[in-house]
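Asker: Okay, here's what each chain looks like letter by letter:
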Amino acid sequence: MKRAFSREQKITIIYGILSIVLIIVILQLWLLTATMNAFLGGEESVIVPAAIASAVCFALNAGLLRYIYLMESR
Amino acid sequence: MATTNPDSIPPDGRPYHEQPQWRNDFPIDWPQDELVARRDFTKFLVLTSLAFVVGQAWIAFENWSRKRQGRPPVHKIARVDEVPVGATRVFTYPVAHENCLLIRSGADRFVAYSQKCTHLSCAVTPTSRGLHCPCHNGWFDTATGQPTAGPPRRPLPRITLEIRDGVLYATGVEVRS
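Chains as they are written, first to last, in this note's numbering: chain A, 30 to 103; chain B, 682 to 858.
Don't read these hints as lab results, they were simulated from the structure. Watch out, some of these pointers could steer you wrong.
To be verified - Just some of the chain A residues that point at chain B, by a computed CB distance under 10 Å:
(1) R36
(2) Y44
(3) V50
(4) V54
(5) L60
(6) L61
(7) T64
(8) L69
(9) G71
(10) A80
(11) L93
What the hints assert, rightly or not - Each computed DMTMM-like pair below joins lysine to aspartate or glutamate, with the alpha-carbon atoms no more than 25 Å apart:
(12) B/K724 / A/E37
(13) A/K39 / B/D721
(14) B/K748 / B/E779
(15) A/K39 / B/D693
(16) B/K757 / B/D721
(17) B/K797 / A/E72
(18) A/K39 / A/E101
(19) B/K748 / B/E843
(20) A/K39 / B/D710
(21) B/K797 / A/E73
(22) B/K757 / B/D789
(23) B/K748 / A/E72
Here the structure is a predicted model, which is why all the values come from computation and not from measurement. For glycine and all other residues, C-beta sits at the position ideal for the given N, C-alpha and C.
All chains, full assembly: derive it from the sequences and hints.
Answerer: The following block contains the structure:
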């Protein structure tokens, strides 16, 4: 059986998740600006891989957010 | 009577009997408030992350529609003898609202570029020192279209030219990085 976290533990976990999400969002921002620069410069080869990488980052973020809600509902 | 909820510590840290009445009447559970605030901020960041994915998808769509259009049409610009050496001429290519600059720098030397500055799309104008973007003082080399000063980092898109029977034609757009 899974043990419910205390409130202090939950806050620590949320801080950890928030830090990871923040780093991933900054990475996505960099990815978007680099892709836009490549697109405007006529470089097409990076566009689709960058879109896939960004979607993977979002899936990771959504998974972490879901974990927060699941943790709170326990 | 003062509340003694250990989770509800006032922000100034003083005990409840020293707090104003309103705080005793409406005690705030600060750790819970902090938990909810961090959770909502994480939710906001995840929505931002989704917005970036939408942005990437938009770039991919624009690239796909650009490729789908295929090669731009061949378009007549002017007769060679209509453009004296050192003169410039504005023409539209490949569509009516895309202004381009034709420059004749020598007897047999023609170059043409898109007139849109690669910084923020203002119109560049030919000067004796090169092509100048007046919006943010950007400069491009007339012979190559490469940026030489100011905020632009990418060269101007080059219009490929062809001379047939003394007539200049635009045959394509070369986007460069």
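Asker: The structure should be examined with respect to each hint, and the outcome stated for every one.
Answerer: Going through the hints against the structure:
1. R36: At 6 Å from the nearest chain B Cβ, A/R36 passes the 10 Å test, so the hint holds.
2. Y44: The hint holds - A/Y44 has a Cβ within 10 Å of chain B, the shortest such distance being about 7 Å.
3. V50: Holds. Min distance 5 Å.
4. V54: holds, 5 Å
5. L60: holds, 7 Å
6. L61: holds, 5 Å
7. T64: holds, 6 Å
8. L69: OK, holds: A/L69 within 10 Å of chain B, min 7 Å.
9. G71: Given a least distance of 3 Å, the restraint on A/G71 holds.
10. A80: OK, holds: A/A80 within 10 Å of chain B, min 4 Å.
11. L93: holds, 8 Å
12. B/K724 / A/E37: holds, 20 Å
13. A/K39 / B/D721: Measuring from Cα to Cα gives roughly 14 Å; hence the hint holds.
14. B/K748 / B/E779: holds, 18 Å
15. A/K39 / B/D693: It holds: about 23 Å lies between the C-alpha atoms, which stays within 25 Å.
16. B/K757 / B/D721: Measuring from Cα to Cα gives roughly 59 Å; hence the hint is violated.
17. B/K797 / A/E72: holds, 18 Å
18. A/K39 / A/E101: The hint holds at about 8 Å.
19. B/K748 / B/E843: holds, 23 Å
20. A/K39 / B/D710: Distance of about 15 Å is within 25 Å: holds.
21. B/K797 / A/E73: holds, 20 Å
22. B/K757 / B/D789: Holds, at roughly 17 Å.
23. B/K748 / A/E72: holds, 12 Å
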